[in-house]
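Enquirer: Chains as they are written, first to last, in my numbering: chain A, 1 to 535; chain B, 1 to 333.
Do not take every clue at face value.
[To be verified] Derived list of chain A stretches under chain B, where covered just means 3 residues or more per stretch with a C-beta under 8 Å from a C-beta of chain B: (1) 34-46; (2) 207-219; (3) 387-398.
Don't read these hints as lab results, they were simulated from the structure.
Note that the structure is a prediction, hence the values are computed from the model and not measured.
We put the CB at the ideal spot given by N, CA and C, even for glycine.
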Amino acid sequence: MRQSGSVLAAKLALAFAAIVVGGAFLGLGIDAVRDPEGAVEAFDVYLLRAAGFTLWQAALSALLSVAPAILVARALNRHPGFAGRRLLIRLFAIPLSLPAIVAALGVIGLLGRAGYLAPVLSSLTGERWPGIYGLSGILIAHAFFNLPLATRLFLQSLETVPQDQWRLASQLGMGPAASFRLIEWPAMRAALPGIAGLVFMLCVTSFTIVLTLGGGPSATTLEVAIYQALRFDFDPARAVTLTIVQLLLTAAMVWLLSRLGAELTGEAALSVSSRRYQSIGPAEKVFNMVILVLAALFVAGPLLAILVSGLQADLAKLAARASVQRAAMTSVVLASLAALLAVGLAWALAAGRQKLASARRSHAAGLLERAMDNGAVFILVIPPLVIGSGWFLLLRHTADVFALAPVMVVAVNALMALPFALRAIRPAFDAAAVQNDRLCVQLGIEGWTRLRLIDWPVLRRAIFTAGLFAMALSLGDLGVIALFGSDTVQTLPYLLLSSMGSYRTADAAGIALLLGMLCFALTLLSDMFGREARQ
Amino acid sequence: MRVKPFLLLTAAMTASCLAPAHAAGELTIYTYESFTAEWGPGPQVEKAFEAECACDLKFVAVADGVALLNRVKLEGEQTKADIVLGLDTNLTADARATGLFAPHGPIGELTVPGGWKDDIFVPYDYSYFAVVYDTETLKNPPKSLADLVDGDPSEKIVIQDPRTSTPGLGLLLWVKQVYGDKAPEAWKKLKQRVLTVTPGWSESYGLFTKGEAPMVLSYTTSPAYHMIEDKTEKYQAAEFAEGHYMQIEVAGVTTVGSKNPLSEEFMAFMTSPAFQDIIPQTNWMLPAGPTGKPLNPAFDKLVHPAKSLLMAPEEVKKFRKQWVDEWLSAMSQ
Numbered sequence: 001m002r003q004s005g006s007v008l009a010a011k012l013a014l015a016f017a018a019i020v021v022g023g024a025f026l027g028l029g030i031d032a033v034r035d036p037e038g039a040v041e042a043f044d045v046y047l048l049r050a051a052g053f054t055l056w057q058a059a060l061s062a063l064l065s066v067a068p069a070i071l072v073a074r075a076l077n078r079h080p081g082f083a084g085r086r087l088l089i090r091l092f093a094i095p096l097s098l099p100a101i102v103a104a105l106g107v108i109g110l111l112g113r114a115g116y117l118a119p120v121l122s123s124l125t126g127e128r129w130p131g132i133y134g135l136s137g138i139l140i141a142h143a144f145f146n147l148p149l150a151t152r153l154f155l156q157s158l159e160t161v162p163q164d165q166w167r168l169a170s171q172l173g174m175g176p177a178a179s180f181r182l183i184e185w186p187a188m189r190a191a192l193p194g195i196a197g198l199v200f201m202l203c204v205t206s207f208t209i210v211l212t213l214g215g216g217p218s219a220t221t222l223e224v225a226i227y228q229a230l231r232f233d234f235d236p237a238r239a240v241t242l243t244i245v246q247l248l249l250t251a252a253m254v255w256l257l258s259r260l261g262a263e264l265t266g267e268a269a270l271s272v273s274s275r276r277y278q279s280i281g282p283a284e285k286v287f288n289m290v291i292l293v294l295a296a297l298f299v300a301g302p303l304l305a306i307l308v309s310g311l312q313a314d315l316a317k318l319a320a321r322a323s324v325q326r327a328a329m330t331s332v333v334l335a336s337l338a339a340l341l342a343v344g345l346a347w348a349l350a351a352g353r354q355k356l357a358s359a360r361r362s363h364a365a366g367l368l369e370r371a372m373d374n375g376a377v378f379i380l381v382i383p384p385l386v387i388g389s390g391w392f393l394l395l396r397h398t399a400d401v402f403a404l405a406p407v408m409v410v411a412v413n414a415l416m417a418l419p420f421a422l423r424a425i426r427p428a429f430d431a432a433a434v435q436n437d438r439l440c441v442q443l444g445i446e447g448w449t450r451l452r453l454i455d456w457p458v459l460r461r462a463i464f465t466a467g468l469f470a471m472a473l474s475l476g477d478l479g480v481i482a483l484f485g486s487d488t489v490q491t492l493p494y495l496l497l498s499s500m501g502s503y504r505t506a507d508a509a510g511i512a513l514l515l516g517m518l519c520f521a522l523t524l525l526s527d528m529f530g531r532e533a534r535q
Numbered sequence: 001m002r003v004k005p006f007l008l009l010t011a012a013m014t015a016s017c018l019a020p021a022h023a024a025g026e027l028t029i030y031t032y033e034s035f036t037a038e039w040g041p042g043p044q045v046e047k048a049f050e051a052e053c054a055c056d057l058k059f060v061a062v063a064d065g066v067a068l069l070n071r072v073k074l075e076g077e078q079t080k081a082d083i084v085l086g087l088d089t090n091l092t093a094d095a096r097a098t099g100l101f102a103p104h105g106p107i108g109e110l111t112v113p114g115g116w117k118d119d120i121f122v123p124y125d126y127s128y129f130a131v132v133y134d135t136e137t138l139k140n141p142p143k144s145l146a147d148l149v150d151g152d153p154s155e156k157i158v159i160q161d162p163r164t165s166t167p168g169l170g171l172l173l174w175v176k177q178v179y180g181d182k183a184p185e186a187w188k189k190l191k192q193r194v195l196t197v198t199p200g201w202s203e204s205y206g207l208f209t210k211g212e213a214p215m216v217l218s219y220t221t222s223p224a225y226h227m228i229e230d231k232t233e234k235y236q237a238a239e240f241a242e243g244h245y246m247q248i249e250v251a252g253v254t255t256v257g258s259k260n261p262l263s264e265e266f267m268a269f270m271t272s273p274a275f276q277d278i279i280p281q282t283n284w285m286l287p288a289g290p291t292g293k294p295l296n297p298a299f300d301k302l303v304h305p306a307k308s309l310l311m312a313p314e315e316v317k318k319f320r321k322q323w324v325d326e327w328l329s330a331m332s333q
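Hey, can you work out the whole structure from these sequences and the hints?
Expert: Next up, the structure:
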């Protein structure tokens, strides 16, 4: 009974995602059928160039974010006790919550033509520092966003390695190379395709960063073309076609990535000790510290630039403004609801997938199981504007679209956050299931009792991390609101852009800082509630 | 179990949809969000008009002028908008083609340079596109579009993308009107000076005020904001010999709204001093009708172009795509 229950819940979660996406396509599709010309015309040289550039920059960005993240996560995992470690990990949650333009300005504040580092770079190169406009700027900004995210996700997967393995490694006298090969890499490799795919998709759909830092229209992604099709040329047929092209190309890349991964074989032994046994040689210590310092500088640099320009605003006055307080409330409420929904959906999917996986034993994973694992991720490459416009077209005759705006925002944000939540929850869930499932069946522990006594204590950390990711992501998002009439849902990013759009750059910088601080406060809360019971 | 919060939420939201039906004496205006921002003209306009009409004026805001037109297109005959306020002359041909707008009634006198003739759309403010520069870092600002195109490539400008932004489209039309068939060559030269092309005005202006580039494409009225609000004359617009391309912002009554007597009343109000007095220092544009009091002296210090350029809306509608493609291939090389 329980088995079919969790599979059913996972099916419902998938259905929810399918409805949100399908509804949007249906809405645009009905309109597109009336005027299908754009669908055929979409296939031109422009599309080819945009598609090529999209994949190229996204693949490079993913590589530059994920490869260093493996080293950073490993270093963090090897040194569980150094001063500033927790601060660093908390800082790593902030970029996700920043609207793209804030991050772009942060990176430019550091590395731009007038950035803090420009004088140094000018004297190093012997000529005026030209800034980072072009592909390099796009890659740096994407890495600023995604390296910390990937690091946290890898760290999450490393933390599922049972302490006994470390003890064994220590007893066997394994050096860093051996323990990387035998313990750390297998854990991270299992997570690699998922994390790389996630980062790849975030970069595929990047829009503001690509245009702002790209230096010119030769840096045009499919997302820009979709946006263009839905704006000046209001052409749903073309927009749908481009979205499907984007979806198919990404699916192909993610499939390729999935060949890199390996299924994690469960470790059935229970942890008997929470103490860490390992000895780290001086050479490795230096290497790890260098990695960590570089990563900290890379992420903290732009954050510092955001802090400095934010402090130039009158923060006290800003925070006292009724509109800012209202927007902050709206942001927090919407982000909390989205996070709740995202975590619920992620839990359902993780549980359903695990049930299917354990039931099939040795033969290959079925389509349903794989959909539960990775299917929801594809929502990331469907532009919010497409979802918004599609639902708008579908609902305009039947419902008050303005009133539905908050529902749309929560639903879409939750789905956008779902892949992140799933990445955070799944490793812990699978590990817990492998350890506890049989015992619980033997002892007849199930339902609420099992949740409270067995699952919650080991999963709460992962759940709060997942919730944090989801909240951070929703805090920074303003995608679907634009078309829906924005007065009903004025969030902080919305107010930020609106200030920026009316010469109020100092206010905008102040709001960006408030947003960053809000996210930082959330990471504190998430850490506090998510602390593992046994510590 | 897991879907429950969402169901509850949906229920709550559905309940809120069933809001009371429209009260008598209500006027709904669709506009862009910077109009209704707390510092924008919206709040003051609402107060002033409600004092005159004893009615309820409701603003509904979307992102910008283009989103506004799309929104009305999407809603079609079922639109709740009585009036759509915030289109510009590059969009009026498309808006007219929808057949969703009705001719306007009597309006006040208009002061838009070059005169105004349109049976549907009525202007409420205007400005000119201009290169705004930082006087502290740029000592020799360009004096013409030709200067800008041929000038020192190391002195950069930030512009906007005509595929996504109204000022971006404005510059495209400006260059086209001045250079005609030679526009692609001009763009190829100008490309050397372009630091980057941003999706919207906000991003480029943000880069400009951060000091990334000494020039940005903006409006002749932009320096007024800095002079009045920031008390600085640091940022100025460069006057160009070829003339400046105009942006005229207009409003139109929808066919739905033409049945609401308040629509006509508002259009007359919009061109009256009560409305026009609000515009300069909230929307940072020039009034399209007579004001009741003189503008802040800062506005006298602005560039007032000797020649204003503007293409016919139909021409823009017909050639926009072709010209954007031309721009793309010139800028992508």
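Enquirer: State for each hint whether it applies.
Expert: These are the hints, each one checked on the structure:
1. 34-46: n = 1 at 8 Å, threshold three: violated.
2. 207-219: holds (count 10)
3. 387-398: holds (count 5)
Of the numbered hints given earlier, the model fails hint 1 alone.
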